[in-house]
Amino acid sequence: MLADIINPYFLQILSFILINILLAISVYVPLSSGQLSLGSAGFMGVGAYTSALLTIHFDIPLIIGILAGACVAGILGIIVGIPSLRLSGVYLAIATLGLGEVIRVIFVNWESLTKGSIGLTGIPQMGREILNFAKGFGFDPAMIGLKSNQFVYLVIVLILLLLVIATIWFVVRQQNSRVGRSLSSIQMDEKAAESMGINITYYKVLSFTQGAFLAGLAGALFAHVMGYISPSDFSYHRAVEILIFTVFGGSEVILGAVFGATFLTLVPEVLRFISDYRYIIYGIVLIILMAVRPQGIFDIHLLNRLKGLKRSKGGVR
Amino acid sequence: MKVLVRKTIGIMTVLMLFILAACSGTSTETGTESESGDNTEQASGTLSAKIGVVSYLTGAGAAYGEAITQGLKLAQEEINEQGEVNIELVIEDSAGEADQALSAAQKLMNDDEILAIIGPTLSTEFLAVAPEADLNGIPIIGTSTTVDGIPEIGDYVFRNAIPESLAIPAAMEKAVERTNAKKVALIYGNDDAVTKGGFEVMERTAKEMGLEIVATETFQKGQSDYNAQLTKIKNGNPDLVLASALYNEGAVIMDQARKMGIDVPFVGGNGFNSPQAIEIAGEAANGLIVGTPWFGESDDPKVVEFNEKYEAKFGKLPDQFAAQAYDALYIYADALKRAGEADRDVFRDALAETKDLEGLLGNFSFDEIGDVVMDVTVLEIKDGKFVEFE
Amino acid sequence: MLLEQLVNGITLGSIYAIVALGFTLVFGVLGIINMAHGEIFMVGAFVGVMTTSVLGWPLWLAFIASIVVTGILGYLLERITLRPLRGKKGVSHLAPLISTIGVSILLENLSHHIFGAGNQPFRSSFAEISIEIGSITIYLVQIVIFAISILLMIGLTIWLSKTKAGKALRATAENLETASILGVDTKKIITLTVIIASAMGGIAGILVGMAFNSVSPQMGLSMGLKGLAIIILGGMGNVKGAMAGGLILGLSETFLVAFGDSGYRDAIAFIMIIFILLLRPQGIFGSKIAEGR
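So the sequences go chain by chain: W, B and S. Heads up: the first sequence begins at 1 in the working numbering, then just goes up one per residue. Heads up: the second sequence begins at 1 in the working numbering, then just goes up one per residue. Heads up: the third sequence begins at 1 in the working numbering, then just goes up one per residue.
In short, the hints are calculated from the structure, not lab data. Cβ atoms here follow ideal geometry from the backbone N, Cα and C, with glycine treated the same way. Don't take every hint at face value.
Claimed, not checked - DEER-style ranges, computed between Cβ atoms:
#1 B:209 to S:93: 55 to 65 Å
#2 B:311 to W:75: 57 to 67 Å
#3 W:288 to S:167: 35 to 45 Å
#4 W:148 to S:279: 52 to 62 Å
#5 B:208 to W:145: 52 to 62 Å
#6 S:163 to W:308: 56 to 66 Å
Work out the full structure, taking the sequences as your base and the hints as a guide.
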């Protein structure tokens with residue numbers, strides 16, 4: 001029964017959606033303090049390469065590799081974040097865009113480590129590692145009526161789902177806390193926030209670093225889902241794509257990032273016949289969206305209205 | 001204003017619902033399909049099979065994917081006409097990106113009716129897809145993937161694209177023999193897996209042949225000014241320039257080199273071998289030497305016939321990518337005939353035994369790991385035409 | 001070798017400078033970064049290829065065609081994507097940036113569909129004329145490129161400081177509302193600025209096509225990103241800074257290839273801007289402190 005429903009293709013798509021949601025949130029978090037980072041593809045690459053190299057060469061457990069990848073990206077975020085404080089708005093966007101390109105060029109050129117443009121092969125794949133681990137305990141996917149590749153992808157999706165839920169939970173909690181209020185006050189008016197006694201430096205670096213960490217995490221996960229990475233996976237196009245996820249869905253609420261990533265990953269898969277025109281449509285969508293609804297599809301008003309709808313339907317109060 | 005906003009929200013919601021509905025629609029369809037199970041032999045006795053194709057059909061390299069799928073379609077038509085086997089192609093786009101190639105391949109692999117896969121186009125895509133295909137036990141063949149280490153991935157992984165490690169040394173040996181070259185200069189695209197792989201072969205071969213390397217230069221995608229690199233090369237006074245570039249960039253490099261006064265012959269890799277190189281560089285393309293299994297100007301009747309049919313059907317002359325894809329489908333058809341049934345494992349074993357198959361590109365066999373065994377023809381561009389190198 | 005590389009560097013630098021002039025003009029007046037400028041440049045180059053190679057028009061006509069087409073594109077850019085965002089309440093300052101990224105994606109992929117992904121050769125007998133000086137060959141195109149870039153810079157400077165339209169433009173750049181109170185038709189001025197900037201992109205496109213004999217849909221992206229780096233290097237909105245920044249970048253890229261590792265060529269622009277942004281955010285020639293635009 002279960003075996004008929006679980007289709008590795010859909011699970012694969014689902015796992016990419018989940019990774020893209022993490023990436024979209026990695027843009028959303030710095031944006032919630034008014035910082036536009038176009039470097040997420042670069043941070044993603046740092047996370048992916050760190051984790052892949054560690055697990056390939058030193059045979060360390062995947063979970064440590066992934067965490068290390070995310071942390072290295074996060075540390076890079078701090079290193080870049082502090083001096084970038086002097087920059088705001090478009091300057092920060094360009095500096096981070098430049099950073100992403102520099103990181104990619106380093107991946108291409110540091111051949112002894114990264115094998116250049118040919119990329120890293122033989123990265124341990126998350127699901128398979130877990131399958132082998134489970135087999136060590138005498139577990140066989142057939143015991144729960146699954147083929148092994150169904151099991152592999154099911155495990156991946158479950159892990160990713162858990163991580164995404166944890167991330168969303170964390171971000172939402174943070175938003176409703178002192179930190180979140182500080183961040184949004186910085187976004188509204190930096191000078192006013194400062195005069196209210198908010199430590200701008202701390203909060204801005206915090207949100208920038210969180211973004212870098214999340215992008216690194218997503219990158220590390222990407223590496224262990226794909227089993228193969230190359231510098232072209234982390235190019236300018238990727239950075240723009242991630243930006244579009246967030247902007248399209250709505251950059252003011254986290255639901256926007258989630259929706260944008262889900263929707264825009266699904267559309268080209270579902271409507272494969274339009275894939276030829278995908279980027280043309282992306283371009284048009286961006287232009288129209290900025291002109292008509294610059295805050296993206298979801299914003300606070302829409303959410304409130306939806307909530308209102310639910311309430312009136314329920315007939316309570 | 002408010003009304004406008006409300007209206008747009010309304011439209012977007014409807015759009016979303018539509019797409020979500022479309023999504024669930026397709027998912028149920030595929031679900032039932034995969035349940036219907038194994039391949040069927042048609043009543044007429046012809047053996048039929050579905051072959052999955054993953055190809056680079058949109059984006060910067062769409063021209064490659066287009067040539068490949070056209071080559072496949074032509075072969076499919078001919079094979080089905082002959083009547084012994086009936087092949088159906090299921091074509092998916094990869095957009096040149098590894099993750100999309102993997103999704104597309106996953107979709108095909110998961111359909112139990114798909115017997116085997118052809119593609120994806122780029123080596124970077126193939127390296128992501130092939131291990132997964134091998135694990136799932138579905139045969140996969142690369143028709144345009146030339147980097148080292150492809151058939152080594154697993155038992156189910158094959159290729160009929162001639163690897164750079166075969167094509168480039170052949171061309172280099174002949175070129176050095178004639179020009180008596182002692183000094184060579186290298187130029188390659190370092191942000192592309194194919195050109196980078198080709199460069200490694202060139203460098204290795206040059207060292208083995210005892211040639212002095214006077215300059216090693218790189219370029220990147222989207223660059224249009226190669227003058228700085230070429231000036232440096234010119235200054236080294238090489239007898240031969242080894243250029244690992246795709247024809248698109250390679251032709252421009254040759255054009256700028258000739259203008260600068262570098263008149264020595266160029267040796268290129270697989271990706272440089274295209275009539276397009278002549279189209280772009282014009283006279284400057286003269287003196288390009290490439291090793292290839294595909295010689296479009298050959299008077300071999302098979303090639304002539306292929307050229308005619310291809311041009312009649314698609315309105316342009318075929319290139320190496322089309323020819324290799326065309327051959328790949330014939331290799332599959334041949335293996336399918338010998339296998340006698342559309343079963344992935346039986347088919348794989350039959351495929352591995354492919355030997356001395358007369359294809360468009362000449363006599364074809366797989367070696368024990370599934371790599372290509374084939375003679376390489378060395379070509380050069382002379383007076384604006386590819387001719388056999390003497 | 002040194003002399004030859006110098007010529008290469010100046011040619012490349014002059015092209016960068018012309019591209020950067022267009023960027024800097026738009027930034028100077030509107031305070032926004034036009035991410036689509038690189039793609040407008042690319043369209044200009046394609047118009048050049050199409051008119052000379054396919055239609056067989058003479059070169060001067062190709063130049064005019066290219067200026068007209070890119071000028072129209074500039075008008076559409078302003079009308080469709082920039083004006084609706086201006087003066088609207090609650091629109092973040094990042095909106096125009098994102099919107100022009102949309103235009104750049106659209107233009108690049110439209111060109112893919114129309115012209116194909118490959119390189120198009122730019123055939124023109126003018127590009128073949130060369131002068132031998134000692135051991136080095138200099139092509140007339142290279143001299144023309146350098147001359148045009150200098151002329152454009154001087155022309156722009158004079159136009160901005162001496163003519164009435166130029167003064168109106170500077171007033172608009174200084175303060176949009178005050179300028180309009182003082183009787184400047186700011187709408188017209190802004191439209192004019194975007195059109196001129198785009199037309200300069202078109203000129204640069206044709207020049208690149210002639211100099212390097214290659215035009216492809218991807219060329220806009222790398223050129224656009226470099227132009228961006230240059231205006232930060234030279235100081236946002238600064239005409240002389242754009243010229244100097246262009247030459248500096250062109251020369252340093254060329255000399256990196258000549259004496260260093262050509263693999264890092266594409267990174268040098270960004271390494272430079274990261275340092276500049278951290279050490280002197282207003283750019284080499286800038287005087288204003290870069291602050292929250």
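Hints and how they fare:
1. B:209 to S:93: 55 to 65 Å: Holds: the Cβ-Cβ distance is about 60 Å, inside 55 to 65 Å.
2. B:311 to W:75: 57 to 67 Å: With Cβ atoms ~58 Å apart, the hint holds.
3. W:288 to S:167: 35 to 45 Å: 36 Å, holds
4. W:148 to S:279: 52 to 62 Å: Because 56 Å falls inside the window, the suggested range holds.
5. B:208 to W:145: 52 to 62 Å: 56 Å, holds
6. S:163 to W:308: 56 to 66 Å: Between residue 163 of chain S and residue 308 of chain W, where Cβ atoms are some 57 Å apart, the hint holds.
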